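Participant: Chain by chain, the residues run as shown.
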Amino acid sequence: MEMGRFNKMGEYLWEIPRSGAMRVPARIYATEKILRETEEEAIAQIMNTASLPGIVKYAVAMPDIHSGYGPPIGGVGAMDIETGVISPGFVGYDQNCGCRLLTSDLTADDIEPRLDEIASRIQRNVPSGLGQGRTEKMSIARVEDILKGGVPRLVEEGYGFSEDVERCEEGGRMEGADPKAVSERAKLRGRDQLGTLGSGNHFCEIQKVEEVLDEEKARIFGIFKGQVVIMIHTGSRGLGHQNCTDHLKSVMVAMGKYGIKVPDRELACVPFHSSEGKEFFAALAAACNYAWANRQMISHYVRSSWGDVFGSERKLRLLYDVAHNIAKIEDHDVDGSIKRLIVHRKGATRAFPPGHPEIPVEHRGTGQVVLIPGSMGTASYILSGTKTSGGSWHTVCHGAGRRMSRKAALRNMKGSEVIEELAKKGIMVKCRSSRGIAEEAPDAYKDIDEVVGTVAGAGLADKVAKLRPMAVIKGE
Amino acid sequence: MKKFQVVDHKADIRVRIFGGDIEELLANSILALRRISEPETMKGDAVADMEVSSIDLSSLLVDLLNEVLFLSRTRSESYSDIEFFEISDTSIKGRLKGSKVKGFGEDIKAATYHGVEVKEGKEGLEATVIFDI
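So the protein sequences, as listed, match chains A and B. For the first sequence, counting from 1, position 390 maps to 390 in our numbering; every step adds exactly one. For the second sequence, counting from 1, position 18 maps to 18 in our numbering; every step adds exactly one.
Derived by calculation from the structure, the hints in this document are not laboratory data. Incorrect hints may appear among the rest.
What the hints assert, rightly or not - Selected chain A positions facing chain B (in silico; Cβ < 7 Å):
1) 67
2) 69
3) 130
4) 188
5) 189
Note that this is a predicted model, so its numbers are computed, not measured. Even glycine gets a Cβ: it sits at the ideal position worked out from N, Cα and C.
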């Protein structure tokens with residue numbers, strides 16, 4: 001990595017000044033070590049992102065930055081809603097991929113003797129969705145009901161508790177969602193995937209609270225040392241993938257009539273207020289609702305499994321559910337005045353500050369709960385939003401970020417060896433493909449402690465608790 | 001002549017696809033998608049008629065792959081061949097042929113347009129496609 005082109009703005013912040021087609025500078029939150037290890041392709045991608053029409057202040061990358069397609073993973077871009085664009089590729093194909101955390105009232109010692117039983121039961125009850133799917137497919141009308149209704153719809157039907165709605169970003173249902181903006185093709189792909197995990201880095205993990213790093217906030221979040229929690233990481237599945245594919249194609253065709261040129265077709269975009277822009281946003285909101293509903297349905301299966309093993313009185317409470325691939329309309333302070341922006345986050349997590357009206361009432365004093373999943377077998381974190389994160393549009397990282405390509409990871413270690421290594425650390429793995437395990441090996445990712453340390457050091461979030469996996473479940 | 005080659009990408013799957021002419025390149029791209037999807041095949045032939053139109057040849061390659069992905073995932077089928085009824089630089093009408101499947105080992109989200117360019121290589125045409133997984 002050629003370091004000469006970066007201006008050091010702070011211990012954890014670097015800037016690439018405007019050049020060429022860039023409309024604004026590009027900023028990267030990173031330690032020097034992380035920046036030196038970042039591949040050129042990812043740097044080129046954040047510079048490309050800075051060329052999008054209407055982008056405000058700077059294009060931002062998080063410390064888990066690595067190359068994607070279009071923007072880098074870990075990329076953030078806020079566009080002026082009046083003059084700026086919306087870009088399907090800047091959200092990506094897994095619309096509203098995100099994380100949620102369920103908290104139990106049991107400790108790791110309580111469940112240890114029955115860990116295999118609960119992990120196996122969850123694996124059986126939470127499908128990957130890669131097979132032929134469920135025997136009964138939802139009707140298209142039912143898919144539309146989910147696209148419109150999100151988590152509140154499922155809760156009305158008994159798949160969860162009213163508290164779950166309050167504990168989801170957007171209350172688990174984004175306003176403006178229009179099922180008609182989602183193609184029949186996308187709906188077809190969504191008929192048998194509600195309540196499915198998918199593959200790749202998606203998972204369900206039984207974790208324990210290894211360390212409480214902020215006693216007061218942990219108490220408010222209902223977190224205590226030794227506690228068992230369950231993390232769910234997945235998104236909108238085939239419906240969201242198809243939704244992105246469909247709208248990216250129509251936006252690419254429409255872009256010319258607005259005189260927009262982009263350096264990479266995956267960054268194709270249209271003005272937010274154009275008919276194509278509005279249509280995409282309504283479709284995105286609908287797919288986001290499907291994703292929140294997907295995580296809600298998985299939670300229902302996990303809760304049933306938990307009840308079967310530990311008794312139904314042992315409720316799993318939702319701490320929070322937050323997206324990391326999304327575009328949202330938000331109000332932010334831009335040079336002293338509040339502006340309405342369309343904030344794109346691709347592999348980046350919203351982290352609203354204390355007092356923000358869009359976070360649950362009980363978290364207004366602490367800041368938004370932020371969930372950062374680690375790579376398989378390493379720590380995950382609970383963070384809280386801060387008032388000093390305006391420079392990143394109140395956004396932090398979304399994980400550790402890949403350090404090694406999938407091929408390199410496969411060359412490095414066999415899946416069976418990874419499982420053995422994890423077993424030595426007391427981590428159980430329930431997965432149908434050992435190749436998938438090798439690709440997601442802990443060594444293939446950056447050091448989560450350094451990545452989270454960077455966002456905390458930069459003042460973008462505060463650490464509340466560190467979680468350690470007990471069992472990783474990848475779905476049948 | 002190699003049909004395709006999986007090359008390194010940090011998070012996703014990057015595939016270089018080769019072909020003596022455009023028809024062969026497109027047919028080989030379908031084979032590449034089949035390989036990386038890791039289908040669990042079962043008895044029974046699969047046939048699907050399809051049409052795709054795009055703004056140019058490079059987009060046509062990506063749009064074809066996304067059409068094949070859609071048909072494959074909604075019909076539980078995996079395709080290994082294509083018969084072209086009509087083909088131009090911006091459209092295809094054809095018939096996909098393959099087999100029924102129980103499921104897939106890899107969840108391919110989409111073929112992306114990132115850096116795709118169909119160009120002349122040493123032995124004919126080639127293109128590099130990143131698949132989001």
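Participant: Hints first: check each against the structure and report whether it holds.
Facilitator: Hint by hint, here is what the structure shows:
1. The interface hint given for residue 67 of chain A holds, since its Cβ lies 5 Å from the closest Cβ of chain B, which is under the 7 Å cut-off.
2. Interface restraint check for residue 69 of chain A: the shortest CB-CB distance to chain B comes to about 3 Å, inside 7 Å, so the restraint holds.
3. The criterion of a C-beta within 7 Å of any C-beta in chain B is met by residue 130 of chain A, whose closest approach is roughly 5 Å, and the hint holds.
4. Against a cut-off of 7 Å between C-beta atoms, the interface hint on residue 188 of chain A holds, since the closest Cβ of chain B lies about 5 Å away.
5. Interface restraint check for residue 189 of chain A: the shortest CB-CB distance to chain B comes to about 6 Å, inside 7 Å, so the restraint holds.
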